[in-house]
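Please construct the entire structure, taking both the sequences and the accompanying hints into account.
Quick note on numbering: the sequence shown equals residues -25 to -1, 1 to 470 in mature numbering (1 follows the signal peptide of the UniProt record, and there is no 0).
Derived by calculation from the structure, the hints in this document are not laboratory data.
All the pointers check out, no bait thrown in.
Computed list of lysine-lysine pairs in PhoX-like fashion (alpha-carbon distance at most 25 Å, straight line):
| # | residue 1 | residue 2 |
| --- | --- | --- |
| 1 | LYS374 | LYS34 |
| 2 | LYS396 | LYS374 |
| 3 | LYS358 | LYS93 |
| 4 | LYS34 | LYS350 |
| 5 | LYS358 | LYS80 |
| 6 | LYS47 | LYS350 |
| 7 | LYS358 | LYS47 |
| 8 | LYS59 | LYS34 |
| 9 | LYS395 | LYS373 |
Just so we're clear, the structure is a prediction, and the values are computed from it rather than from any experiment.
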Amino acid sequence: MYLVVVLVFCLSGLLLLSLWKQGSGKGRLPPGPTPLPIIGNLLQLDMKNISKSFSDLSKVYGPVFTVYFGMKPTVVLYGYEAVKEALIDWGDEFAGRGSFPIAEKTSKGRGVIFSNGKTWKELRRFSLMTLRNFGMGKRSIEDRVQEEARCLVEEFRKTNASPCDPTFILGCAPCNVICSIIFKNRFDYSDPTFLNIMKRFNQNAKILSSPWMQLCNIFPVLLDYFPGSHNQIVKNVTFLSNYTLEKAMEHEASLNVNSPQDFIDSFLIKVRQEKHNQQTEFTLETLATTVADLFGAGTETTSTTLRYALLLLLKHSEVTAKAQEEIERVIGRHRSPSMQDRSHMPYMDALVHEVQRYIDLLPISLPHAVTRDIKFRNYLIPKGMTIITSLTSVLHDKKEFPNPEVFDPSHFLDERGNFKKSDYFLPFSAGKRSCAGEGLARMEIFLFLTTILQNFTLKSLVEPKDIDITAVDNGFISVPPPYKLCFIPVPSDNH
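Okay, structure coming up:
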């Protein structure tokens, strides 16, 4: 036994040494810290604050460097220039999806997030078209978001201005918008099926951020041979898949090909159109995976952003006051905010952008992969190599955003108070793998926050100076610390 262990260590050491040598010569893999056998560079990386580790490494090795997660080399892109050059200028070459073992176990290469090649291209095109309102019946997606914003306000009214943790209600709203888009109808916030879907996705988000899952993604063998929370992820995804297939059967029975009512209808029409195509990507199994992808990408991320936004507004009461003054002036109190209002509300627009920039929700993007052997900045990157982009390095760039560690909506305003766009605003990443739900998420964040501020004064339970806005240590997404607040209704008249 002892000899076997020694042999494994020696062989893996030799393998890593050869990989490292091959990677550090000119015209080969980018430079990086020397990896150790089996564990690679894990001792040099703080998995709870990977952005800080990448920042430190970029100072030594430059904007493009190689790190080993276990025995797997990964190329890291740090800073706007490198990220833009790869994801936009070399868009096709960097459009692959890198290895993400737990997702591969649940999606089996289907769906819109973790697929590659033809499957990914066709499903992404279809999902983007459908989410942009093509073939979604009479009701626009904006209608659905506005309806949910009104329901959100009613739920907060029920708290009667007493202290409440907004996590649950802010989680319900984005989840319900996805339900409305996919299944046609929204749910009541107390509906048992809805609560079950919510519970399972919250559970998955927690598990995915755990140290165990980070370990499993570095050493995928753990997924197959060890018990652990990863099995719960599989169970939760299976539950949603079965629920989707059940709904698809109900939809099939009442399908009107000339008037699709939701995402499932649109997908079933495509399934019918492609039924004689043996190579089609449009199958019921793919529908189930794509629906799981839309829930996974469109619920936790948006609800966490909203939760962080309210905390920042409690801390910065002067920002809240300016936003509410603009809402009062442009919209008043007697109609629902709409996306048309945004162009007349530069401060609110800047505020929403600054929330997303400041909180840096996904410090690193989901892994990309190069689709062919390429020469990038004089380095040779082989086909299939995993690529990680540091979104923090772009969103917190000191030249583009003076004092990037300070929450300040004027980062997105010019000297005359007009909204100022920035190429560095990449919370949804960039290029061909940028978030397919970006338009929906931006609409939700703007309409939900504007509607909340139109209807309530936000009251903190502690002095603003004592509010902690530091993100909770989290390897996957930046989560705000828990907090409570009071939603005090704004009087409905103008007096």
